[in-house]
Amino acid sequence: NAGVTQTPKFQVLKTGQSMTLQCAQDMNHNSMYWYRQDPGMGLRLIYYSASEGTTDKGEVPNGYNVSRLNKREFSLRLESAAPSQTSVYFCASWIDRVDGYTFGSGTRLTVV
Amino acid sequence: DAKTTQPTSMDCAEGRAANLPCNHSTISGNEYVYWYRQIHSQGPQYIIHGLKNNETNEMASLIITEDRKSSTLILPHATLRDTAVYYCIVRVAGRYEETSGSRLTFGEGTQLTVNP
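So the sequence lines, in the order shown, correspond to chains E and C.
Be aware that the first sequence starts at 15, since it is given in the numbering used here, and climbs by one per residue.
Be aware that the second sequence starts at 494, since it is given in the numbering used here, and climbs by one per residue.
Calculated from the structure, these hints are not laboratory results.
Warning: the hint list may mix true and false statements.
What the hints assert, rightly or not - With a straight-line Cα cutoff of 25 Å, these simulated SDA-like cross-link-like pairs (lysine to any residue) come out:
1. C:Lys-496 / E:Gly-54
2. E:Lys-28 / E:Ser-65
3. C:Lys-496 / E:Glu-73
4. C:Lys-496 / E:Thr-116
5. E:Lys-28 / E:Lys-85
6. C:Lys-562 / C:His-533
7. E:Lys-85 / E:Gly-54
8. C:Lys-496 / E:Lys-23
9. E:Lys-23 / C:His-533
10. C:Lys-545 / C:Ile-567
11. E:Lys-23 / C:Leu-597
12. E:Lys-71 / C:Glu-524
13. E:Lys-28 / E:Asn-44
14. C:Lys-545 / E:Thr-116
Stated by the list, open to error - Per label pair, the in silico range of CB-to-CB distance:
15. E:Ser-98 / C:Pro-569: 37 to 45 Å
16. C:Asn-547 / E:Thr-21: 35 to 43 Å
17. C:Thr-501 / E:Gly-77: 27 to 35 Å
18. E:Ser-81 / C:Arg-574: 34 to 42 Å
As the list claims (entries may be wrong) - Calculated from the model, a selection of chain E residues having no Cβ within reach of chain C, i.e. all distances over 10 Å:
19. Pro-22
20. Gln-25
21. Gln-31
22. Met-33
23. Gln-36
24. Asp-40
25. Asn-42
26. Gln-51
27. Gly-67
28. Pro-75
29. Asn-76
30. Ser-94
Glycine residues also receive a C-beta, built at the ideal position from the N, C-alpha and C atoms.
I would like the entire structure built from these sequences, with the hints used as guidance.
Have a look at this one:
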């Protein structure tokens with residue numbers, strides 16, 4: 015039982031390049047989330063998916079797109095990477111109970 | 494979701510109790526208090542949650558004041574591995590679809606350093 019798996023763990027991009035961050039959970043959770051964390055700061059919500067087939071914007075959605083491919087997978091795409099998107103990206107999933115958030119181990123992205 | 498206020502940093506001696514305070518003066522009656530921690534840039538880890546009664550589990554205790562405007566997370570015997578950033582969060586609990594888009598909003602938390 016792996017929980018929430020993120021790939022890749024590290025990535026360096028050049029400005030203007032595109033890439034997709036992958037997230038998969040094997041816990042049959044309904045809701046999935048993408049957060050970013052800049053150095054010394056808390057997590058900020060980018061996008062979330064309350065259930066398969068739905069996605070919604072969070073606090074900082076600009077420059078990102080998401081796809082809820084199926085119940086297990088929720089991907090985050092950067093179409094044209096910018097240095098301001100250098101951050102650690104966390105995926106999380108949530109089951110319908112009060113203690114249900116589970117986070118992945120993060121993807122460390124550097125845009126040069 | 495209600496905003497929380499935590500000290501930026503705290504220190505604690507190994508083996509002693511660590512008491513981490515949190516103010517949430519605008520908390521609503523249906524909002525729970527959650528605590529998460531993040532060790533060395535790993536993904537946040539759930540610790541404990543409560544509504545109005547004090548709670549205890551294998552990791553920690555949560556003390557919520559009677560007016561619910563503040564709470565304290567207690568790590569009874571802190572170890573070096575408890576060094577982390579601790580986040581206090583309040584949110585409505587229940588099915589996501591029923592909480593009007595409410596979700597966990599993280600502030601900057603408290604950096605707890607446990608010293609040998």
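Checklist entry - Which numbered hints does this structure break? => result Hints 2, 5, 6, 7, 8, 13, 26 are the ones this structure does not satisfy, whereas the remaining hints hold.
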